[in-house]
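Visitor: Sequence:
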Amino acid sequence: MSDTDLLPILLVPDARLRAKARPVGPGDAEAVRALAPRMLATMYKAPGIGLAAPQIGELLRLVVIDLQPDDRPEPYVMVNPEIVAESDQLAAREEGCLSLPNQYAEVTRPAEVKVRWQALDGSRQEMTAGGLLATCVQHEIDHLNGVLFVDHISALKRNMLLRKLAKELKARQRDGAPDGA
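End of the sequence shown = 181 in the working numbering, gap-free, step of one.
Among the hints, erroneous ones may be present.
As the list claims (entries may be wrong) - With a cut-off of at most 20 Å between alpha-carbon atoms, the simulated DMTMM-like pairs for lysine to aspartate or glutamate come out as follows: (1) K45 - E74; (2) K164 - D175; (3) K164 - E94; (4) K164 - D151; (5) K157 - E168; (6) K45 - D66; (7) K114 - D88; (8) K45 - D5; (9) K20 - D142; (10) K164 - D14.
Note that these hints are calculated values from the structure, not bench results.
All chains should be modelled from the sequences, with the hints used to inform the complete structure.
Guide: See the structure below:
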């Protein structure tokens with residue numbers, strides 16, 4: 001896949017990142033099959049481990065995730081994913097986001113989740129995820145609901161992080177770097 005197939009990643013404060021994505025329906029199947037590989041290519045190039053359709057301006061309930069190194073990709077493409085159960089046990093993990101470049105914060109979430117989704121071939125899938133995969137699944141599904149990882153941290157930390165991001169993006173624009181670079 002060439003760089004021309006890559007998709008621009010929206011950055012905070014783009015309002016589309018706060019919109020709730022609509023379910024993928026039967027009429028979206030062809031578009032979603034075309035979009036998923038481009039989302040994966042964009043995620044790998046960024047580089048990142050997850051990307052939700054709203055992050056590229058598509059308000060569809062579609063996420064791609066791959067925790068593996070580049071030489072052994074094991075991608076998940078999740079259409080209409082939903083968390084159907086979560087553990088009572090919590091885990092804190094540092095999170096970042098391609099829509100908030102170079103910004104990180106520790107977020108506490110359920111340590112384990114059961115997620116159900118539809119694959120590109122239409123089959124129903126379900127798994128129980130723990131560790132980094134559980135965090136990533138929850139983070140990407142949050143995007144489908146207009147929620148960012150910074151919404152899970154204190155207002156003080158969130159405001160500091162968002163001010164830092166705004167300052168960095170302003171400096172990038174001043175220096176002539178593209179927003180998504």
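Visitor: Please go over all the hints and tell whether each is borne out by the structure.
Guide: Here is what the structure says about each hint:
1. K45 - E74: holds, 15 Å
2. K164 - D175: Distance of about 17 Å is within 20 Å: holds.
3. K164 - E94: At roughly 17 Å apart (the allowed maximum being 20 Å), E94 and K164 satisfy the hint.
4. K164 - D151: holds, 16 Å
5. K157 - E168: holds, 17 Å
6. K45 - D66: holds, 12 Å
7. K114 - D88: holds, 12 Å
8. K45 - D5: Since the Cα atoms of K45 and D5 sit roughly 11 Å apart, the hinted pair holds (cutoff 20 Å).
9. K20 - D142: Given pair K20, D142 holds - Cα atoms ~9 Å apart, limit 20 Å.
10. K164 - D14: holds, 16 Å
In summary, this structure violates none of the numbered hints.
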